[in-house]
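K.L.:
Residue numbers (the UniProt record's numbering), protein chains in the order written: chain A, 1 to 134; chain B, 1 to 134; chain C, 1 to 134; chain D, 1 to 134.
These aren't lab readings, by the way, just hints derived from the structure by calculation.
Don't take every hint at face value.
Computed, partial: chain C to chain A, Cβ under 8 Å [as the list claims (entries may be wrong)]:
#1 10
#2 11
#3 27
#4 31
#5 41
#6 43
#7 59
#8 63
#9 70
#10 71
No farther apart than 30 Å at their CA atoms in a straight line, the calculated lysine-lysine pairs in the DSS-like style are these [what the hints assert, rightly or not]:
#11 B/18 to A/63
#12 B/50 to A/18
#13 D/116 to C/50
#14 C/116 to A/18
#15 A/18 to B/65
#16 A/113 to C/69
#17 B/96 to C/63
#18 A/69 to C/65
#19 D/18 to A/87
#20 C/116 to B/81
#21 B/84 to C/93
#22 B/113 to C/18
#23 B/50 to D/116
#24 D/18 to A/81
#25 D/116 to B/81
#26 D/96 to B/87
#27 C/87 to B/116
#28 B/18 to C/51
#29 D/96 to A/18
#30 C/87 to A/96
On a predicted model such as this, the values are computed, not experimentally measured, just so you know.
From the three backbone atoms N, C-alpha and C, an ideal C-beta is built for every residue, glycine too.
Protein chains: 4
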Amino acid sequence: MINEVNYRVLYGDTDCGKVMYYGNYLRLFEIGRTELIRSAGISYREIEEKKGIILPVVEVFAKYKASAKYDEILTIKTLLKELKPYKIVFEYKIFKDHQLLTEGYTVHVPINKEGKIVRFPEDLYQLLASLLKK
Amino acid sequence: MINEVNYRVLYGDTDCGKVMYYGNYLRLFEIGRTELIRSAGISYREIEEKKGIILPVVEVFAKYKASAKYDEILTIKTLLKELKPYKIVFEYKIFKDHQLLTEGYTVHVPINKEGKIVRFPEDLYQLLASLLKK
Amino acid sequence: MINEVNYRVLYGDTDCGKVMYYGNYLRLFEIGRTELIRSAGISYREIEEKKGIILPVVEVFAKYKASAKYDEILTIKTLLKELKPYKIVFEYKIFKDHQLLTEGYTVHVPINKEGKIVRFPEDLYQLLASLLKK
Amino acid sequence: MINEVNYRVLYGDTDCGKVMYYGNYLRLFEIGRTELIRSAGISYREIEEKKGIILPVVEVFAKYKASAKYDEILTIKTLLKELKPYKIVFEYKIFKDHQLLTEGYTVHVPINKEGKIVRFPEDLYQLLASLLKK
């Protein structure tokens, strides 16, 4: 399943090179995975509050192919690339119309409130696994 | 007492107008008041952790007179403008060399961990009051 | 005319106080005025590119009454408060449901590409003036 | 040559997980490479303005091992990992005291003002190459 969400570039997202600052794409990645998770029927906030599981980013990669400019509408396409008992990987592609601007991924591990790595609770794992289907 | 701290403008602070984004000056205000408080012999982190007092911003004002550009070194000058049992006001002036770029203030109220407005504890009040002296 | 636009709070908008960082509301103000201007039939990008007019912020004020938290959906309500030949003032109110969280204003002056303050071109002035009507 | 620069974590850098937001580390990477380049005797701003060369990020990778918290002083250690006629790679390690929190790299390509990839000018190449020495 691919989640699509649009984002309009703010003045505050750009830098003096007149394009979106490279670090700000990681906010778009956050928007992408948040909305993908929501489409599985649970919000990330609920994962933290109700399941007691936090999913910190342990790795991020991004490849910048073309620039996003002020006021352009981008499309963030996100999919669940990999799901393991102790690991979840999201993949992102950011488009302007049909042009791929940026692609990347984030790796997360489930930890509990004490900061210890734990297995995904079974019900949460099944919900997330539903995102692997088409 | 006036605290002075320097700050070099990042690419990530600027916007496509080629100057520092107006919202990012509020980060500089934070740097200014944090270092001013530290000069009183307590850090803002200690105020939260040891005194149980949080000082949220309830008002901010900024006046932009001239622009800060990429890689410029700015000087943030901060002073304690007003201290009352239930209120604290910081004033900021941001300079490039001797040119005043931006000035403003923030108003904060002391709240406890439950989010209730409280009087400053006496010892903290005295520490902060020392910043009113020259 | 009041423009309304929704915004969902990102992890990246919040701070370790568990609420939206005070500086990030200025991004929401930007979203608000950008969409209000667009509703007048011209985008801010077009004002810069086609009219050669830039509208830098010369003053900002914000009053924080209650906090915005992660994943909450906010409503940004923006109106044109004042329009003069050399000045434009936008007013913002940010709500969560019916609760007013933050209100504020920004003052802008029209400058040309050389950075000189100029009168609004007549056609642009008329477009913006249409926002003063109900 | 390794450049070291300290950075104190702001409230505005953290998120509601009470640690530095993952995207904000890319600002620290920027600080690191900017100061490393400056130690070669030229600033990145001068590379843009005097050499007409821009060095956009085409790839970024970061691995997060431990969290940075509010008010902590971090050390950003940056080195030039690779220098080719059409490519430059910086490597970053961010420490709190002796604990490695985050490591990563950025890949940049030299482009001219028209956005075309070009070889590094010879004098600039030699300056940057000096960073490869111990």
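K.L.:
Give a verdict on every hint.
P.N.:
Status of the hints after comparison with the structure:
1. Nearest Cβ of chain A to the Cβ of residue 10 of chain C: about 6 Å, under the 8 Å cut. The hint holds.
2. A distance limit of 8 Å between C-beta atoms decides the matter here; for residue 11 of chain C the minimum to chain A is near 6 Å, and the interface restraint holds.
3. The restraint placing residue 27 of chain C at the interface with chain A holds, with a minimum CB-CB distance near 5 Å, inside the 8 Å limit.
4. At a threshold of 8 Å, the smallest CB-CB gap from residue 31 of chain C to chain A is about 7 Å, leaving the interface hint in force.
5. The beta carbon of residue 41 of chain C comes no nearer than 15 Å to any beta carbon in chain A, farther than 8 Å, and the hint placing it at the interface is violated.
6. Annotation: residue 43 of chain C was flagged as interfacial toward chain A, and the flag holds, the nearest CB pair being 6 Å apart, inside 8 Å.
7. A distance limit of 8 Å between C-beta atoms decides the matter here; for residue 59 of chain C the minimum to chain A is near 17 Å, and the interface restraint is violated.
8. Checking residue 63 of chain C against chain A by beta carbon gives a least distance of about 20 Å; that is not within 8 Å, so the hint is violated.
9. Hint on residue 70 of chain C holds. Least Cβ distance to chain A is approximately 6 Å, under the 8 Å limit.
10. The interface hint given for residue 71 of chain C is met, as the beta carbon of that residue sits about 4 Å from the closest beta carbon of chain A, less than 8 Å.
11. Taking the CA atoms of residue 18 of chain B and residue 63 of chain A, the gap is near 24 Å; set against the 30 Å cutoff, the hint holds.
12. A threshold of 30 Å between alpha carbons decides the hint, and for residue 50 of chain B with residue 18 of chain A the separation of about 44 Å lies outside it, so the pair is violated.
13. Between residue 116 of chain D and residue 50 of chain C the alpha-carbon distance is near 26 Å, which keeps this suggested pair within the 30 Å criterion.
14. Taking the CA atoms of residue 116 of chain C and residue 18 of chain A, the gap is near 21 Å; set against the 30 Å cutoff, the hint holds.
15. Among the hinted pairs, residue 18 of chain A with residue 65 of chain B is consistent with the structure: their alpha-carbon atoms are about 22 Å apart, no more than 30 Å.
16. Straight-line distance between C-alpha atoms of residue 113 of chain A and residue 69 of chain C comes to about 19 Å, which keeps the hinted pair within the 30 Å bound.
17. Annotation: proposed proximity of residue 96 of chain B to residue 63 of chain C holds, straight-line Cα distance about 28 Å (limit 30 Å).
18. Under the criterion of a C-alpha separation no larger than 30 Å, the hint pairing residue 69 of chain A with residue 65 of chain C is inconsistent with the structure, at around 34 Å.
19. For the proposed pair residue 18 of chain D and residue 87 of chain A, the alpha carbon gap of about 22 Å is at most 30 Å, so the pair holds.
20. Note on residue 116 of chain C and residue 81 of chain B: the hinted pairing is violated, with a Cα-Cα distance of about 34 Å set against a maximum of 30 Å.
21. Taking the CA atoms of residue 84 of chain B and residue 93 of chain C, the gap is about 28 Å. The hint holds against a cut of 30 Å.
22. The suggested pairing of residue 113 of chain B with residue 18 of chain C holds, with an alpha-carbon distance near 12 Å, which does not exceed 30 Å.
23. Straight-line distance between C-alpha atoms of residue 50 of chain B and residue 116 of chain D comes to about 56 Å, which puts the hinted pair past the 30 Å bound.
24. Of the pairs offered as hints, the one joining residue 18 of chain D and residue 81 of chain A holds, with about 27 Å between alpha carbons and a cut-off of 30 Å not exceeded.
25. For the proposed pair residue 116 of chain D and residue 81 of chain B, the alpha carbon gap of about 52 Å is over 30 Å, so the pair is violated.
26. Taking the CA atoms of residue 96 of chain D and residue 87 of chain B, the gap is about 34 Å. The hint is violated against a cut of 30 Å.
27. Only pairs whose Cα atoms come within 30 Å are accepted, and residue 87 of chain C paired with residue 116 of chain B is rejected, the gap being roughly 40 Å.
28. Taking the CA atoms of residue 18 of chain B and residue 51 of chain C, the gap is about 19 Å. The hint holds against a cut of 30 Å.
29. Of the supplied pair hints, the one linking residue 96 of chain D and residue 18 of chain A is violated, its CA atoms being roughly 33 Å apart against a limit of 30 Å.
30. Between the alpha carbons of residue 87 of chain C and residue 96 of chain A the distance comes to roughly 34 Å, so the proposed pair goes past 30 Å and is violated.
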